[in-house]
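Chemist: The primary structure of each chain is shown beneath.
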Amino acid sequence: MSDDYQDGNALAGPLGEILAFDVTTAEASCACCARTGPVATLRLYKRAPGLVARCPACEEVVLRMVRTPDAAWLDMRGITSLRIPLP
Amino acid sequence: MGIVSPGFRGRGRGRDVKLPPGQYLTEDFPVLSAGPTPRVGKDDWEFTVTTESGREYSWDWRQFMELPSETPTVDIHCVTKWSKLGTRWQGVSLDTLLADVDTAADYVLAHSYGGYTTNMPLEDVLDGQAWIAYRFDGEDLPAEHGGPARLLVPHLYFWKSAKWVRGLRLLDQDEPGFWETAGYHDYGDPWREQRYQGD
Ligand SMILES: [Zn+2]
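Heads up: the protein sequence lines correspond to chains B and P, in order.
Numbered per the UniProt record's numbering, the first sequence finishes at 87, counting up by one with no gaps.
Numbered per the UniProt record's numbering, the second sequence finishes at 199, counting up by one with no gaps.
In short, the hints are calculated from the structure, not lab data.
Careful: at least some of the hints might be erroneous.
[Stated by the list, open to error] Taking beta-carbon pairs under 7 Å as the criterion, some of the chain B residues facing chain P (in silico):
#, residue
1, Asp7
2, Ala10
3, Val66
[Claimed, not checked] With a straight-line cut-off of 20 Å between C-alpha atoms, the simulated SDA-like cross-links for lysine to any residue are:
#, chain 1, residue 1, chain 2, residue 2
4, B, Lys46, P, Phe136
5, P, Lys81, P, Trp191
6, B, Lys46, P, Pro36
7, B, Lys46, P, His145
8, P, Lys81, B, Leu86
9, P, Lys81, B, Arg35
Every residue gets a Cβ at the ideal spot worked out from N, C-alpha and C, and that includes glycine.
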């Protein structure tokens, strides 16, 4: 089903709450297959107990975020590096 | 009217219904998914129990269908706050699957096609509390609801009822699964509202 996921641009709001930069333009390298591309190009699964972003090449989990009433949990084990454009 | 949950839209059925705290009643069956839906054919399907000493017990679909089945009718509670009452399933009790398995483990980690995992104490899947379910409401379990077969542990939040289940690892030590490593409660009792770590 093609409406299972959205593109990673939808991470801008939830991650904007905890990161000081626009994460969607950062370049993430997949720890599984080494694909590198903007976070905006990840596949974001939102109809779940948390946010799960997967690599469009290998479908592995690259990023997870769970927002509880008093904390945000961020798992970026699936990202080898994040290149963040800075002026 | 204060006791009626916000999502309640049933007719004449809700007055004596008691839901876990923070839950609302739904009549449909929402599909939650943290990834692409695995499409596992029955010919390729296999279910494996691996003990703490590494011994494996496996069933293919034909062998699995020859096991005695049960038809539990249970209430299910999703941590995203919907509850669905009186759901009808058919499946094999874990008491049946584990009857001849030689183990002294205290914990189980269920793992699925597609990579999902979830953990619970072994005692929570014994004594008529858990099944590997392959039919829902009289029909083969659709892939979006975890078919060909899913774990069904209705007394815990529904994320513990792993869709597309592929096997169980019996463990001496607790090993947190997919959501349990990302802020969700290790045990997940809906009646004690154990949604997140620290609840
Ligand atoms: Zn990848």
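Chemist: Now tell me if each hint is right for this structure.
Modeler: Here is how each hint holds up against the structure:
The beta carbon of Asp7 (chain B) comes no nearer than 15 Å to any beta carbon in chain P, farther than 7 Å, and the hint placing it at the interface is violated. Because the closest C-beta pair between Ala10 (chain B) and chain P is about 15 Å apart, greater than 7 Å, the hint is violated. The restraint placing Val66 (chain B) at the interface with chain P holds, with a minimum CB-CB distance near 4 Å, inside the 7 Å limit. With a CA separation close to 25 Å, the supplied pair Lys46 (chain B) and Phe136 (chain P) exceeds the 20 Å bound.
A distance of roughly 12 Å separates the Cα atoms of Lys81 (chain P) and Trp191 (chain P); the hinted pair therefore holds under the 20 Å criterion. Pair hint Lys46 (chain B) plus Pro36 (chain P) holds up; C-alpha atoms about 12 Å apart against a cutoff of 20 Å. Taking the CA atoms of Lys46 (chain B) and His145 (chain P), the gap is about 16 Å. The hint holds against a cut of 20 Å. Taking the CA atoms of Lys81 (chain P) and Leu86 (chain B), the gap is about 40 Å. The hint is violated against a cut of 20 Å.
Of the supplied pair hints, the one linking Lys81 (chain P) and Arg35 (chain B) is violated, its CA atoms being roughly 36 Å apart against a limit of 20 Å.
Violated hints, in rising order: 1, 2, 4, 8, 9; the structure is consistent with all others.
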